[in-house]
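Asker: Sequence:
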Amino acid sequence: MSLSRSDINNTNNLFLLWEQELIIRNDLRQGARSVQEVKIETADDLDLLYRALYFSGNTDFFTLLINNLSNTTALNWLANAPDRLVEEFWLFLPWYMQHHAISPDNLQFLIRLYKSELKPEYQIIINHLNLSQVQYLISRTANPELRQLLKKHETLLINKRQQAYYGLADKSRLPYPTIYGDKSDIIVQTLDLLAASEKIHFSDPYGSERFTQQLLVAESLFQCGLIDDSIAYLKRIYREYEQENRLVALLDEQRIVKNMSQQLRRLLPLHSLLTRQVQPKQHVLYLYEQHFPRLLPDEASLLYLDLYLKLLDYLSRDDSVFPYDVQLICQQLEQKRPGDKELFSVMANSFSTGEENLLPITLAISNRLTSMPHEAFILSEFLRILLIKGYLVQDIEIFNQVLNTYAALWHWVPSSLFINPAIAEQIGWANSSLRQYFEKVLDLLHYYHDETFFHELKNRADLFRKKDESARREILFGKLTGVIT
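Take any residue in the sequence shown, note its place counting from 1, add 513, and you have its number in this note's numbering.
If you are wondering where the hints come from, they were derived from the structure by calculation, not from laboratory data.
Some hints here could point you the wrong way.
[What the hints assert, rightly or not] Derived Cβ-Cβ restraints for the label pairs, each shown as a range: (1) Gly941 x Thr668: 52 to 58 Å; (2) Ile651 x Trp603: 19 to 25 Å; (3) Arg768 x Ile671: 33 to 39 Å.
The beta carbon of each residue, even a glycine, is placed where N, CA and C say it ideally should be.
Start from the sequences and build out the full structure, keeping to the hints where you can.
Answerer: Structure (structure tokens):
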């Protein structure tokens with residue numbers, strides 16, 4: 514786009530040119546918000562916008578200028594602008610940074626415009642930079658004075674971060690591996706995402722950009738193993754989206770709704786299992802009806818919950834006849850997910866299947882461990898119950914895979930759903946390290962069944978810091994998050 518004087522009129526009639534420019538200035542003021550999206554091409558463009566917007570008493574001109582400072586033309590124009598405008602710009606910039614998210618690469622103009630006499634103004638500006646912005650600028654400036662200012666603020670931010678994150682941001686901490694990565698790293702990432710999702714960082718607090726950012730927070734909470742927190746956060750997002758959203762574009766809305774639905778289809782079934790619902794499927798449907806009425810549950814995910822109840826009922830009975838209703842659910846699952854036809858066919862006929870044909874089940878467990886954890890758990894239970902009922906020879910390899918799945922889920926969400934005495938009855942065939950780990954977890958769960966845990970946490974906190982006490986730290990996480998009572 515070009516807004517230069519020559520584009521207004523090629524006439525030599527000065528009065529006519531002024532008249533036409535006044536019309537354009539008025540149009541620019543009326544559409545000031547859309548003008549902020551203008552990409553500057555020439556200094557004449559900026560001259561016209563300066564005359565149209567700067568003297569109207571609003572700050573739209575400065576916003577437009579900031580959005581174009583990656584452009585050399587705009588940068589040179591500002592460097593040669595009137596002193597009064599430059600002074601007002603440096604006063605406006607900290608306010609703008611406080612209320613708008615600016616990517617680090619769009620702040621490089623700070624490096625190019627720095628002068629020693631601007632040090633007081635820069636000190637105020639730098640105080641509004643976040644850690645990623647500061648570190649980006651440090652890596653790109655060769656000016657020792659500016660670098661010193663940035664390094665000082667970086668140190669302050671890191672110290673504040675350590676205090677706010679309870680030491681989790683300290684890279685020297687003990688590792689906490691889970692199926693989604695190191696738990697401490699994910700918690701730090703979640704806190705960063707939460708901070709970035711605050712309304713103050715968005716020009717439209719109920720626009721698609723912020724809703725998308727909030728969905729990243731919900732996903733990160735899930736990966737932390739904070740299942741209830743993730744659901745609570747999605748409830749808030751959904752409520753705000755329904756009540757406040759007015760101008761989200763159709764494509765953005767489809768993307769937001771799809772993301773929310775995908776998160777709920779794995780969150781709510783897992784929640785129903787962790788909270789030991791008597792009727793887990795009905796509980797999930799109730800949550801949808803009460804809190805997410807416009808979203809539809811995934812029928813196949815719910816059928817897995819029906820399958821789980823049938824497996825538990827089969828396990829509690831003395832007879833070993835493979836139940837017909839389990840086969841029926843497998844057939845229903847095959848209809849809902851035709852892409853998994855081989856998996857459900859093997860499951861439906863597993864009462865007469867040899868172990869060499871169980872590969873589709875073991876592969877599905879591995880593939881669903883992170884994408885649909887509740888399905889990976891129920892498939893593992895399916896194999897465990899087949900082993901108990903004698904349909905499978907107690908094969909060490911299969912048994913270890915099942916127990917490793919339980920252990921992986923426990924590392925992520927330390928719930929007795931995944932490690933408990935009933936499961937422990939089958940650990941005799943496990944490899945020695947896995948067996949010892951299960952035994953240690955069960956011993957600690959028994960030891961910490963009452964107030965002993967909090968007494969020991971208060972008086973012997975050093976126990977939880979030992980390198981070989983990962984099981985103790987997992988129980989700590991479970992106690993603090995409520996999945997272990």
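Asker: Taking the numbered hints from earlier one at a time, note which ones the structure violates and give those numbers from smallest to largest.
Answerer: No hint contradicted; all consistent.
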